[in-house]
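Student: Here is how the chains run, residue by residue.
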Amino acid sequence: MQATTRQITPMPGTIEETAPHLSADDQMVLAAQADRSQFAALYTKYHDQLARFIYQRMGSREEALDMTQQVFLQAMIALDRYEPRGFPFSSWLYRIALNEINTRYRKTKNQRTINIDDAGMVGMMDELQEPYSEEREEMLLAAMQHLEEDDVQVLEMRFFEKRPFKEIAEIRDSNESAVKMKVYRLLDKLKGIMDRK
Amino acid sequence: MKYRINRNQPPLTDADLSSARDFHKLLHTYRAVKIPFYRTGRFFAGSSAVIIATAVSLVMLFGEDKATPQAYIAPPVTQADIARDSFTVDADSVTDLTYSSGSRLHVPADAFRTADGQDVSGKVTLRYREFHDQKDIFLSGIPMIYDSAGQKYVFESAGMMEITAWQNGKELTANPGKPIEVQMVSNTSEDRYNTYYLDTTERKWVNLNKTNLMPVGLSDSTDAMASLSSDMGATKSDPAVTQSEQQLKKATAAVHEVEKEKPMPIAKADKAKTKFHIVVDANEFPEIAMYQNVRFQVKDELNFDKNSAKAEWEDVKLKKLTGIDYQIEFVKGTRKMQVVATPVVEDKDLPAAQKLYDSKFALYQSKLTARKEAEEKARKEYEAKAQAMKEKMDKAIAEAEVRERQYQATLGKTQIIYRTLSIYRFGTYNCDSPISWPREANVVASLESESGEKLDLACLNLVEKDRNAVFPYGAAKGECSSFKFNPSKDNVLWAMTMDNKLAVVDTRSFKEQQSAQKGTVKFRFKLIDKDFKSTDEVKKYLEI
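Protein chains in written order, with the working numbering: chain E, -18 to 178; chain C, 106 to 649.
Please note that a few of the clues may not be correct.
Said to hold, decoys possible - Computed list of lysine-lysine pairs in DSS-like fashion (alpha-carbon distance at most 27 Å, straight line):
{"#": "1", "chain 1": "C", "residue 1": "K606", "chain 2": "E", "residue 2": "K143"}
{"#": "2", "chain 1": "E", "residue 1": "K147", "chain 2": "C", "residue 2": "K367"}
{"#": "3", "chain 1": "E", "residue 1": "K143", "chain 2": "C", "residue 2": "K309"}
{"#": "4", "chain 1": "E", "residue 1": "K88", "chain 2": "C", "residue 2": "K422"}
{"#": "5", "chain 1": "E", "residue 1": "K90", "chain 2": "C", "residue 2": "K482"}
{"#": "6", "chain 1": "C", "residue 1": "K404", "chain 2": "C", "residue 2": "K378"}
{"#": "7", "chain 1": "E", "residue 1": "K147", "chain 2": "C", "residue 2": "K365"}
{"#": "8", "chain 1": "E", "residue 1": "K161", "chain 2": "C", "residue 2": "K422"}
{"#": "9", "chain 1": "C", "residue 1": "K107", "chain 2": "E", "residue 2": "K90"}
{"#": "10", "chain 1": "C", "residue 1": "K309", "chain 2": "C", "residue 2": "K589"}
{"#": "11", "chain 1": "C", "residue 1": "K497", "chain 2": "C", "residue 2": "K355"}
{"#": "12", "chain 1": "C", "residue 1": "K107", "chain 2": "E", "residue 2": "K170"}
{"#": "13", "chain 1": "C", "residue 1": "K570", "chain 2": "C", "residue 2": "K495"}
{"#": "14", "chain 1": "C", "residue 1": "K497", "chain 2": "E", "residue 2": "K172"}
{"#": "15", "chain 1": "E", "residue 1": "K143", "chain 2": "C", "residue 2": "K424"}
{"#": "16", "chain 1": "C", "residue 1": "K283", "chain 2": "E", "residue 2": "K161"}
{"#": "17", "chain 1": "C", "residue 1": "K606", "chain 2": "E", "residue 2": "K147"}
{"#": "18", "chain 1": "C", "residue 1": "K367", "chain 2": "C", "residue 2": "K283"}
{"#": "19", "chain 1": "C", "residue 1": "K472", "chain 2": "C", "residue 2": "K482"}
{"#": "20", "chain 1": "C", "residue 1": "K437", "chain 2": "C", "residue 2": "K380"}
{"#": "21", "chain 1": "C", "residue 1": "K441", "chain 2": "E", "residue 2": "K161"}
{"#": "22", "chain 1": "E", "residue 1": "K163", "chain 2": "C", "residue 2": "K378"}
{"#": "23", "chain 1": "C", "residue 1": "K497", "chain 2": "E", "residue 2": "K90"}
{"#": "24", "chain 1": "C", "residue 1": "K228", "chain 2": "E", "residue 2": "K147"}
{"#": "25", "chain 1": "E", "residue 1": "K161", "chain 2": "C", "residue 2": "K107"}
{"#": "26", "chain 1": "E", "residue 1": "K143", "chain 2": "C", "residue 2": "K355"}
{"#": "27", "chain 1": "C", "residue 1": "K355", "chain 2": "C", "residue 2": "K378"}
{"#": "28", "chain 1": "E", "residue 1": "K26", "chain 2": "C", "residue 2": "K589"}
{"#": "29", "chain 1": "C", "residue 1": "K367", "chain 2": "E", "residue 2": "K143"}
{"#": "30", "chain 1": "E", "residue 1": "K143", "chain 2": "C", "residue 2": "K465"}
{"#": "31", "chain 1": "E", "residue 1": "K170", "chain 2": "C", "residue 2": "K441"}
{"#": "32", "chain 1": "E", "residue 1": "K143", "chain 2": "C", "residue 2": "K380"}
{"#": "33", "chain 1": "E", "residue 1": "K88", "chain 2": "C", "residue 2": "K404"}
To be verified - Coverage of chain C stretches by chain E, computed from C-beta distances (three or more under 8 Å per stretch; other residues unrestricted):
{"#": "34", "region": "181 to 193"}
{"#": "35", "region": "233 to 245"}
I should point out that these hints are in silico values taken from the structure, not numbers from a laboratory. Backbone N, C-alpha and C fix where the C-beta goes; we use that ideal spot for every residue, glycine too.
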């Protein structure tokens, strides 16, 4: 968990330097790079969360589970190019998954599915400082239709998957401040669209 | 509309996830589709070594005079290559095909890709052929040697097939996500055969897996298997149980949601201690955000270095500790500083804060009680349905086991069966068991025509009547220096001369000529000087 802040008061205290180290994930990757049957450990660890991540962006459970296997296959093929950068291995899998999902929607020309839930919508409305009403919620959903795919991904991760900014940054290969900035700008944009209607 | 909004989609269940989790299948697919060696960076470093190694092995196998390697797949009688059947299929729809042998091909929609990985639509030509006996193997020219850890074996085949796909004269690749399923007719029901894929780039057979067997014409047995899977599947995914389980999970989640809303009492500020203000995210810390004018009061004043407070920080992270304390971390680049603090309000704000806490806590208590009651009700319903499901599953398993035993009993009695193959890459697949060359007799074979002239052979093969394999030997200048065979078997020799004549030694002649089991044995070949026009024509001369 972490707080968002726009105004920071200087504070004293202890200062610790972060040192690079080889995580458990990195060790599993090294083993799998040498022998793909060792990929089983990473597969077991990340299968379910990756399947849920993909399902969140698709309308069919069969299609989502099928794509999960596809993403792992892509990961096994590309594994030799993976370099540990201090992020969890899952971030790399999520990036492959987002790429596969985009490719699938582009090829099939189907509408991109956004799976929303009540809690996520309430969270977004709160963040927009909007008093909750069905009418305003409909306006918010209509406003989301004006966003680009990349923007939707960020809001999805933040409000419907409730991911911390740090994790979103890792998945997007970005930094935390940039993600925070993007979320607030998107919320401002949505608010602007809603108010114009 | 740019996006399709889907509200409150039911989550993936544990049953969904566990049934989809299959690393063995993934690894199998990976091995079937892995990047060809020549596309990897290691190719250029390793290619010369591979070429040298291939040349050396050919020299060892075929004798010093044949150091120049032939094409990898080289039918010995060009005009008698095993014919391919062509099927036209629609790439966008499902097609079921039957080959002349009775083998069945199930082609799913979207099964093809272009060489550069693009989708394929429209008509596609599938070219397919099979090889079932020693004559087919000999005439195919497909190398049947398997290298396992440096040890060479010959394949004894339970059926081999080749499948390729074409569109507008260009060869297509398979979509590994939608493999074509081939049920290939096999002449043996033994289960010792594995599936191998011929990697023509690396010039070797790759072991894929054990083949799946299914008898032909045993409708009762196949029905029993289908019924077994159907029963198990139906019981595992009983919708009533799944629905109840989902209801329970939802109810439990609803309890946890409320528990997260538990209000936190706010402490009174201590005037002697240092305090500071940060703006918190109401989504993540509603228990703090609900109060007005909250400050964070440093807990351990003694270790609080006020001189360092002048530093400017780029980011701040807040983490709830046990009780009412929080850990606050300030970050600038790789520098981090942590302090433990307690949220507090000043005296003037305390009565309002206390009132707010009391009302929120009463609301929280009543909400929590209602949700816990709903959870308990959902739990009882789920447990009742799960028990019923368990009883149904136990019964289904017992019945399926009986059917499985009946099915297994039919397997050994069946002469013709299907072997099921999933096609992740187009090319040649073989259901095989590696066997060693015979070794009962070891002689120098003098290879001669019926008139006693030495024969210079392009290839020399030994065939045993009761083993579905073709044993290749090296020959040079009319001689094979180490020719091993089993004198107790019915053997024949099939060869091609350098001037493209078929040369054979039939079973009777072989027996007459094999007298010596050491030293030199003269094998006299019958030469067939004929311009063959078809496979059947050649096969007449290859009788065993």
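Student: Look at each hint and say if it fits the structure.
Tutor: Against the structure, the hints:
1. C:K606 to E:K143: Roughly 76 Å between the alpha carbons, so the hint for C:K606 and E:K143 is violated.
2. E:K147 to C:K367: holds, 26 Å
3. E:K143 to C:K309: violated, 50 Å
4. E:K88 to C:K422: violated, 41 Å
5. E:K90 to C:K482: It is violated: about 44 Å lies between the C-alpha atoms, which goes past 27 Å.
6. C:K404 to C:K378: holds, 8 Å
7. E:K147 to C:K365: The given pair, whose Cα atoms are some 22 Å apart, holds under the 27 Å limit.
8. E:K161 to C:K422: It holds: about 13 Å lies between the C-alpha atoms, which stays within 27 Å.
9. C:K107 to E:K90: It holds: about 11 Å lies between the C-alpha atoms, which stays within 27 Å.
10. C:K309 to C:K589: Satisfied, since the Cα-Cα distance of roughly 24 Å is no more than 27 Å.
11. C:K497 to C:K355: holds, 25 Å
12. C:K107 to E:K170: holds, 17 Å
13. C:K570 to C:K495: violated, 54 Å
14. C:K497 to E:K172: Cα-Cα ~54 Å, so violated.
15. E:K143 to C:K424: With Cα atoms ~16 Å apart, E:K143 and C:K424 stay inside 27 Å; holds.
16. C:K283 to E:K161: Distance ~40 Å between C:K283 and E:K161 Cα, so the pair is violated.
17. C:K606 to E:K147: violated, 75 Å
18. C:K367 to C:K283: Cα-Cα ~50 Å, so violated.
19. C:K472 to C:K482: Measuring from Cα to Cα gives roughly 16 Å; hence the hint holds.
20. C:K437 to C:K380: At roughly 21 Å apart (the allowed maximum being 27 Å), C:K380 and C:K437 satisfy the hint.
21. C:K441 to E:K161: holds, 19 Å
22. E:K163 to C:K378: With Cα atoms ~37 Å apart, E:K163 and C:K378 exceed 27 Å; violated.
23. C:K497 to E:K90: violated, 44 Å
24. C:K228 to E:K147: violated, 49 Å
25. E:K161 to C:K107: holds, 25 Å
26. E:K143 to C:K355: holds, 17 Å
27. C:K355 to C:K378: violated, 45 Å
28. E:K26 to C:K589: Violated, at about 53 Å.
29. C:K367 to E:K143: Measuring from Cα to Cα gives roughly 19 Å; hence the hint holds.
30. E:K143 to C:K465: Given that 27 Å is the threshold and the Cα spacing comes to 24 Å, the pair holds.
31. E:K170 to C:K441: Roughly 33 Å separates the two Cα atoms, so the pair is violated.
32. E:K143 to C:K380: At roughly 30 Å apart (the allowed maximum being 27 Å), C:K380 and E:K143 break the hint.
33. E:K88 to C:K404: violated, 58 Å
34. 181 to 193: With 0 residues in contact (Cβ-Cβ under 8 Å with chain E), the coverage given for the region 181 to 193 of chain C is violated.
35. 233 to 245: violated (count 0)
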